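Chemist: Listed below are the residues making up each chain.
Protein chains: 2
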Amino acid sequence: MPAPCFLIAQGGGPTAVINQSLAGAVLQARALAPGCRFLGARHGVKGLVAGDLVDLGDVPAAVLDAVAATPAAALGSTRDKPDAAYCRRILERLREHGVSHFLQIGGNDSSDTLRLVSEAAADAGHALAAVHVPKTIDNDLVGSHHTPGWPSAARFVAQAFAGADLDNASLPGVYVGVVMGRHAGFLTAASTLLREDEAAGPHLVCVPERPFEMAAFLDAVAAALARHGRCVAAVSEGIAGADGVPIAASLAASTGAGGGAERDAHGNVQLSGSGALADLLCEAIKRGLGAQRVRGDTFGYLQRSFLGCVSDVDAAEARAAGAAAVRYALDGDGHGARRGSVAVQRDAAGALALPLLPLEAVAGRTRTMDAHHLDAGGFDVTPAFAADFRPLLGSGLPRAVRLAAPGVPRVPRVTSPPASGANA
Amino acid sequence: MPAPCFLIAQGGGPTAVINQSLAGAVLQARALAPGCRFLGARHGVKGLVAGDLVDLGDVPAAVLDAVAATPAAALGSTRDKPDAAYCRRILERLREHGVSHFLQIGGNDSSDTLRLVSEAAADAGHALAAVHVPKTIDNDLVGSHHTPGWPSAARFVAQAFAGADLDNASLPGVYVGVVMGRHAGFLTAASTLLREDEAAGPHLVCVPERPFEMAAFLDAVAAALARHGRCVAAVSEGIAGADGVPIAASLAASTGAGGGAERDAHGNVQLSGSGALADLLCEAIKRGLGAQRVRGDTFGYLQRSFLGCVSDVDAAEARAAGAAAVRYALDGDGHGARRGSVAVQRDAAGALALPLLPLEAVAGRTRTMDAHHLDAGGFDVTPAFAADFRPLLGSGLPRAVRLAAPGVPRVPRVTSPPASGANA
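As they're listed, the protein sequences go chains Z and G.
-1 is the number of the first residue of the first sequence in the working numbering; add one for each residue after it.
-1 is the number of the first residue of the second sequence in the working numbering; add one for each residue after it.
Honestly, the hints are just simulated from the structure, not real lab data.
Source: prediction; values computed, not measured.
A portion of the hints provided could be inaccurate.
Note: identical chains are not told apart, hence a pair may lie in one copy or across any two.
Cut-off 20 Å, straight-line C-alpha distance, at most; resulting in silico cross-link-like pairs (SDA-like, lysine to any residue) [what the hints assert, rightly or not]:
1) Lys79 to Glu358
2) Lys79 to Pro170
3) Lys79 to Arg180
4) Lys44 to Gln290
5) Lys284 to Pro396
6) Lys44 to Pro170
7) Lys79 to Ala240
8) Lys284 to Arg225
9) Lys79 to Asp195
10) Lys44 to His226
11) Lys79 to Gly288
12) Lys79 to Arg225
13) Lys284 to Asp217
14) Lys44 to Pro404
Work out the full structure, taking the sequences as your base and the hints as a guide.
Modeler: See below:
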């Protein structure tokens, strides 16, 4: 049997730890299959079909480790979503290069690509191992407790809201921070993970799992203003009305704001890369409530690519997932399957488990937040959410410490009229 | 002579290290003037005139140290810009509480407030020390090499652009990041401080010091696209046309976007807290160049308040500036002035120097970038900028390491016609 030839590709939006999975896979292959070849596709399947490949065989381990600690896809990524014909071209290129083991780091679209490619390989009688390494800041892969990439993005969002909340306490008003997440609110919900007390924001959390209704939102903002004298709101870019249409998409269609109705290869209206949703909500708050100092931020690409905000738990898990994919590709799941999607789970003792799921169980499916993680009031998460996910933020978290100091009694004004008696 | 009574206030936009100056002042006063009182105004001069004060005398040093490491004004801040009548009310409150030493941490507006208050005190024959502690992420105070708060914000902006540039290299297109800065481009220019090579972005830097002309901007974007296949641009929120009108203000006036034409107490149109400028530039790039995948982010409040991105150089200098203010307030500048503004300078050996400048030298004035820090081409900084300012980002900077791996030769296609000879 010839030495294995691996090919790895990265797909979809980058994360802070996507290169950990790349390094984990390459180093695991070298350890288990000395003499193997290890190729990388530039810009994912797009580069693969174009023949734009690099040889990762001789990249020193120290370089791989340094690249692993660098955010964004080191090989380049793509938004292409291959159909069956595209996948046959992928298979053709894999056969030309003698690839026996195909690994794809990505979200549920990447697992769907692997499914199509491995079906085409089976039809052609080509023995191809095909394993998906999970990656997404959205945390929306079915079958996993969480997904590599989300914990680091969650850490960024939590630290950002902890700081924005302090800023808002310094200069009180309303602050709306829009967070990535088309269908799943996990990343927006992470805004709550560093709240230190009941007065700390975010005071409102709006996720796509809950239909967005402007009047109810304004009532909730008003309630927070009444209670705290200020309001910090965390809002998913994907919030949608009861009809399922994203608020940002309605906005884009009606005003041309945010790049008009630009759509990606999946037919989805582009939500990120525009400040339109935050601006819309701020306008509604100003007009509806007459509130002063209303400010909106759209976290944009910083939350997935900021250099220097990584969860060490996430980094270790992403690396382990890449290594596990190589082991499954070489050995199968004990039944010789050698195809599937690595899931990130916790065993009963809370330890990391990385089982192999069928590609069909993950491909093209979207997980959303569990009901028990969402507060019945509609604008917050439950304590169970923090219990499940806060440990993933990793070690060395900064703390927000508020100043506690006694008030100074007001000095009676000499210009005030003197007290005139007990019944004044 | 009775024990001194200090009162400290924080004003304007918060920074990551504004509480270092607070802690530095309190601890220095305890060391030099045992038995002194030390009051704090809640929400700056606004709380001061309302009599909303706290007693900092018994706050443990460990708490002060923890608060010092927390971003945003721990005492609360204000955007009020006192006029002469307001300053007389401030003086009245100071006298009621027996304040002998008034410290204000803030920007050039804060130094102007101190100037007015100390003039009113002199007119009233009230002995009042009045010292300004510099603070601003804009780096725009006259008389300083740099201003506490800017280095930490600059570090955030540099790390953000380093990550956004990697993201853009992964999924090529045009990325526009809008950075705070109304008149001075220092913070936007900080986007360049972690560029590792010639291909790394930002490829364009647009600062308020250079008149913004859309056609020239689009030409520069097109040139970057031609050269690098992608373009990352760092743009100050305060960019203005040759007529001096900010682009964002023109936009607000013409479309109502970004909160209409909201103005602050200084009469300035609100620039932050809206994504309108980034969206405008992205639209212009799409329409003018037909570019694909154009994305805009507005960094917003994260750049001044993010929890967990601090320059240790900045933290130490901010603390030293607070301590220096107390020493000047107690001892004067050797000529008994006991009023002025602490400047942050470098001596000939590069060591920190904290001279006391007259309040009039700083009050109400704005420093902009030096010509020798701006590239003649109009869209970049010079190496002198990095030489002057990169050391301020502090220690422990993350590094972006790009993957270098040899290309794999393309496989000749079996479906291609065979070579027909040397003259084919």
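Chemist: Does each hint hold? Answer for all of them.
Modeler: Taking the hints in turn, this is what the structure says about them:
1. Lys79 to Glu358: Result: close within a single copy only, 16 Å intra versus 63 Å inter.
2. Lys79 to Pro170: Between copies only: 17 Å across, 45 Å inside.
3. Lys79 to Arg180: So Lys79 and Arg180 pass the 20 Å test inside one copy only (17 Å; across, 42 Å).
4. Lys44 to Gln290: between (49 Å within a copy, 16 Å between copies)
5. Lys284 to Pro396: neither (33 Å within a copy, 40 Å between copies)
6. Lys44 to Pro170: Answer is between; shortest inter-copy Cα gap is 13 Å, intra-copy 48 Å.
7. Lys79 to Ala240: Intra 29 Å, inter 45 Å, cutoff 20 Å: neither.
8. Lys284 to Arg225: Within one copy, since 18 Å is at most 20 Å while 44 Å is not.
9. Lys79 to Asp195: Intra 44 Å, inter 32 Å, cutoff 20 Å: neither.
10. Lys44 to His226: Between copies only: 18 Å across, 51 Å inside.
11. Lys79 to Gly288: neither (45 Å within a copy, 23 Å between copies)
12. Lys79 to Arg225: So Lys79 and Arg225 fail the 20 Å test inside a copy (48 Å) and across (28 Å) alike.
13. Lys284 to Asp217: Cα proximity of Lys284 and Asp217: one copy only (13 Å, versus 38 Å across).
14. Lys44 to Pro404: between (63 Å within a copy, 18 Å between copies)
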